[in-house]
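K.L.:
Got chain H sorted already, so can you dock chain Z onto it with the hints?
Those sequence lines, one after another, are chains H and Z.
With the numbering used here, the residue at position 3 of the first sequence is 3, and numbering never jumps.
Here the numbering used here = 1-based position in the second sequence + 296.
Hint data in this document are derived by calculation from the structure and do not stem from the laboratory.
Heads up, some of the hints might be wrong.
Said to hold, decoys possible - Distance condition first, Cα-Cα at most 30 Å in a straight line; then the derived BS3-like pairs of lysine-lysine:
#, chain 1, residue 1, chain 2, residue 2
1, H, LYS213, Z, LYS298
2, H, LYS173, H, LYS213
3, H, LYS27, H, LYS173
4, H, LYS158, H, LYS91
5, H, LYS91, H, LYS68
6, Z, LYS330, H, LYS213
7, H, LYS213, Z, LYS312
8, H, LYS213, Z, LYS301
9, Z, LYS350, Z, LYS319
10, H, LYS213, H, LYS156
11, Z, LYS330, Z, LYS319
12, H, LYS173, H, LYS5
It should be emphasised that the depicted structure is a prediction, and the values quoted were computed from it without experimental measurement.
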Amino acid sequence: MGTLKYAGNGASKDFLPDVIGMIVLNKGTTITVALAKTLAGWQALINPATSAAIVGTYINLERGFEEKTATPEFTTANTGLEEKTKDFEPKFTGYGKMSWEDYRTWFEADGKEYQFVLILKDGNLVTSFNSAGLVVGFLGRMFVSYNFPKAGGDGKQKACPFDIILSDVEQIKNYQIIRTAFQRVELEESVPVGINIEILTDYESSGGTVVLKATHRVSGLPYAGLTTYAQWQVVNTTTDAAGAATAITATNAAIGSYTLTFLNGAAKMTGDFEIQAETITASHVTYLSNVLNIPV
Amino acid sequence: MKFGKVDINTTSPSVKWKDWTWKEFQNFYDHSLKGNVTETIEEIGKALGVKVPKSKKGSDA
Numbered sequence: 001m002g003t004l005k006y007a008g009n010g011a012s013k014d015f016l017p018d019v020i021g022m023i024v025l026n027k028g029t030t031i032t033v034a035l036a037k038t039l040a041g042w043q044a045l046i047n048p049a050t051s052a053a054i055v056g057t058y059i060n061l062e063r064g065f066e067e068k069t070a071t072p073e074f075t076t077a078n079t080g081l082e083e084k085t086k087d088f089e090p091k092f093t094g095y096g097k098m099s100w101e102d103y104r105t106w107f108e109a110d111g112k113e114y115q116f117v118l119i120l121k122d123g124n125l126v127t128s129f130n131s132a133g134l135v136v137g138f139l140g141r142m143f144v145s146y147n148f149p150k151a152g153g154d155g156k157q158k159a160c161p162f163d164i165i166l167s168d169v170e171q172i173k174n175y176q177i178i179r180t181a182f183q184r185v186e187l188e189e190s191v192p193v194g195i196n197i198e199i200l201t202d203y204e205s206s207g208g209t210v211v212l213k214a215t216h217r218v219s220g221l222p223y224a225g226l227t228t229y230a231q232w233q234v235v236n237t238t239t240d241a242a243g244a245a246t247a248i249t250a251t252n253a254a255i256g257s258y259t260l261t262f263l264n265g266a267a268k269m270t271g272d273f274e275i276q277a278e279t280i281t282a283s284h285v286t287y288l289s290n291v292l293n294i295p296v
Numbered sequence: 297m298k299f300g301k302v303d304i305n306t307t308s309p310s311v312k313w314k315d316w317t318w319k320e321f322q323n324f325y326d327h328s329l330k331g332n333v334t335e336t337i338e339e340i341g342k343a344l345g346v347k348v349p350k351s352k353k354g355s356d357a
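Chain H extracted, bound-state conformation (with noise of 0.2 Å):
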């Protein structure tokens, strides 16, 4: 519906805050207004019970938004008429508060599409809704940069863009503002906490184990909280229909180094296969790390 009356003016001239951050979701996705308006709705999405219940994420553009979108199309009949003719599809670059191992972490998602909810700065969102009247941000498709460090100024500032260009100019012109009861920190804090995984020994053909060393993101201090196999999910495979840890030796945990052994039933991984790690308390995933990919 779009029917026009006149609305009145009212007595504040405020701006509308800045956009400082985005939900990124799944496509697909949608929460109901009553839950996008409290912390928990969000913490269902981001840091749910499982890592395999994550269906989006928060990103802070406290570095830097700017809008992108080309002005639109006006065009002159040989009658002299001037007029609108087209509206471009809505785009934005924002640029992320975050280091650049994390962005790396984004790089798997450049050109695939999301629905992005804006967070403005006093924490309220920004959204269209479905014809259920479901909260479902606005669809578009992000697009990372592969880059080399920056030298400064606001060249480092920039180096974690976010390039987004939304699909639907309706989605715009129909997009409300959620009013929230938490806070944009809260929401950024309920984000788990980004671990690096890596390879210290290579997958083992007879046996099936690889040594893998888990550290907190950027300090490089080791991650003593992946002792149990529960802990450890295969993601994706290659040429196995299904993979699992079946056993974790953590003797050497508090320096970060474990020794799982991945199998597929009783059978070594015959393909490359990729793993994730996450710590779960209190029915929240709490820390979260690199999905990773084991050569075979």
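P.N.:
Using the frame of chain H, we list chain Z on its own:
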């Protein structure tokens, strides 16, 4: 299920211990458990549901 310093997966649908042969389990024991557990290979195999052959004495447990 914990044995010594090792946590063994007993919940994943892709790890069906009852389907393992004793030879497969011996290989698993040699690579993933040996030196890190105090229980014998038979004790662990039995606890996991692996078919333990009566005549076997184990690899080195």
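K.L.:
Return the numbers of the hints above that this structure violates; sort them in rising order.
P.N.:
2
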